[in-house]
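J.: Here is what each chain is made of, one letter per residue.
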Amino acid sequence: MIPIHKDKDGRDKVKKTKGRGNLRFWSLAMSIPELSILIMLITGGYIVMAVFSKVQGTDVLSPLSMWLIIIGSFLLSTAIAIIAVIAGIGGGVIFTPIMLGFTSMDSLVIRATGLVVAMFGGLISSGPFMRARLANLKVVFYCGVPITIGALGGSVCAIYLHDAMGAVGDGIVRLSLGILMLVIAWFLFTGGGKTEYPEPGHIDSLSLRLGLNGSYWEQSLGKVVHYQMVRAFLGGLIFIFLGFVGGFFGMGGGAFLTATLNLIMMAPVKIAAACSGVLLAISDATAIWTYITYGALIAIIGAPWMLGHVVGGILGAHLLIRIRAGFVRKILIFILLISSTKLIARGIEGAFGIDIPVL
Amino acid sequence: MKEDKPKPPLAGLIYGGIIYWGVLGGSLIVITGSVLSFLGDNFVPVSYWLSSIWSGESPSQIWQGATGSLPMGHWYLSHLATGDGLTAMGISLAVFSVVPALFLAAAVLLRERDWLYGSLALICGLIVLTGVLGLIPIG
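Protein chains in written order, with the numbering used here: chain E, 1 to 359; chain S, 1 to 139.
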């Protein structure tokens, strides 16, 4: 329940705060000129599409429902992007399991669109992260090689499995993604044991030779933080696997990328989150071409998801500094638990032909 | 002694800047393409795309019904005057911005005699380019 207090003039305090919040949100959007132009163009475009539409209805969908699918996708994508950026994960982690679990859309189309969703938040935030020195260029290019190799392999395997195994392959994908979602939910629930400023004990010679270190201005401490990363070889191997998972499932597993950089390679949590976003963008930008050239990315459905993530990605990155991430993470865990249950049920039905009527 | 804020490396600024503006440029093309597709100028009708996706058809079934076979390549390049072709081009252009970003960042690093990271950026760019050109056989 929302507590309502009256101020000394008897006015509703909650209303006033909410109004200021909306105003702040709007002024934030307007303070970034390119974002305000983009929002106006998108709004104008969707109005033109509604008023002057020449789309014919079919047995499956009416012209209005087609327009609503586009608008709904854009709004949902914007919301997912904001939540994903604040929670420090890729949007694909929310999009792909929900669509696979609760819609009848083909899994390959969903995974291709999922890559768009997972990628554009990271792509658009690459610029601000590089300017703030939060994304370490050495880490990005060192880990970029194994993650892109893995992503390319994963996307090719996804197409092969889909073509070779049909509905059973789809069931296996849903089942394994459901299990993966449970692991991610557990990671988010426990916080993955993340430490803000990890202190490495032993520094291995490869990490030293690669010079995997850096410094950045920590606003909350008001000073420069220096860090040294370790376990470069092990990290590289894990990134091949994480790239494969992202390319195969159409979701980047940003939670795992951040955890690997923070817990195994000992990067400060802010550096890990920023590098994870940039790496997610590179790996998904590699994997998506397999889906594009195969024809699995249908542009008309991918477009609103891309635009929503560009708008939501910029807004989310700016809101991140003002909002506490804890509540958003709880919502995310709830979404992941629900969708993983549904995914596992549908996966068992598809892969083994067992009917689960309750779910 | 108080330390100054560290400055971002030039290669990082170039990398991030190209992607940021590349994505925004791609978004403008996507908006134009989406509007055109609803106004009727299409390679394949919007109603067909959306209805078949909504019915759960696979990409091969969708393309079979639309053009007779899977595109297996950058189909939109020869249909840039249509709404769906332009929309696909916008998405692809935004994703493609990673390639020049990686190559230019590599060039800057190599010019600064950072051979190791210049080469790694170059390798990353080549791997992404392998995907763009569709050099790995699929399907």
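In case anyone wonders, no lab produced these hints; they're calculated from the structure. Using N, Cα and C, we set each Cβ at its ideal position, and we do this for glycine too. Worth double-checking, as some hints may not be accurate.
As the list claims (entries may be wrong) - Once the Cα atoms are required to be at most 27 Å apart in a straight line, the calculated DSS-like pairs of lysine-lysine come out as: (1) S:Lys5 x E:Lys330; (2) E:Lys330 x E:Lys342; (3) E:Lys223 x E:Lys270; (4) S:Lys7 x E:Lys270; (5) E:Lys330 x S:Lys7; (6) S:Lys7 x E:Lys54; (7) E:Lys270 x E:Lys330.
Claimed, not checked - Label pairs and their calculated CB-CB ranges: (8) E:Phe102 x S:Arg111: 23 to 31 Å; (9) S:Gly68 x E:Arg131: 17 to 25 Å; (10) S:Gly68 x E:Gln228: 53 to 61 Å.
J.: All hints are to be evaluated individually against the structure, with a verdict given for each.
T.: Status of the hints after comparison with the structure:
For the suggested pair Lys5 (chain S) and Lys330 (chain E), the alpha carbons sit about 35 Å apart, so the restraint of at most 27 Å is broken. Taking the CA atoms of Lys330 (chain E) and Lys342 (chain E), the gap is near 19 Å; set against the 27 Å cutoff, the hint holds. As the CA atoms of Lys223 (chain E) and Lys270 (chain E) are separated by approximately 14 Å, the hinted pair is consistent with the 27 Å bound. Proposed proximity of Lys7 (chain S) and Lys270 (chain E) is supported: the alpha carbons are some 17 Å apart, at most 27 Å.
Restraint check for Lys330 (chain E) and Lys7 (chain S): not satisfied, since their Cα atoms lie roughly 36 Å apart, outside the 27 Å limit. This hinted pair does not check out: Lys7 (chain S) and Lys54 (chain E) have alpha carbons roughly 53 Å apart, beyond 27 Å. A distance of roughly 20 Å separates the Cα atoms of Lys270 (chain E) and Lys330 (chain E); the hinted pair therefore holds under the 27 Å criterion. At about 51 Å, the beta-carbon gap between Phe102 (chain E) and Arg111 (chain S) misses the expected band of 23 to 31 Å.
Distance hint for Gly68 (chain S) and Arg131 (chain E): a CB-CB separation of about 48 Å, inconsistent with the stated range 17 to 25 Å. At roughly 58 Å, the beta-carbon separation of Gly68 (chain S) and Gln228 (chain E) lies within the given 53 to 61 Å, and the hint holds.
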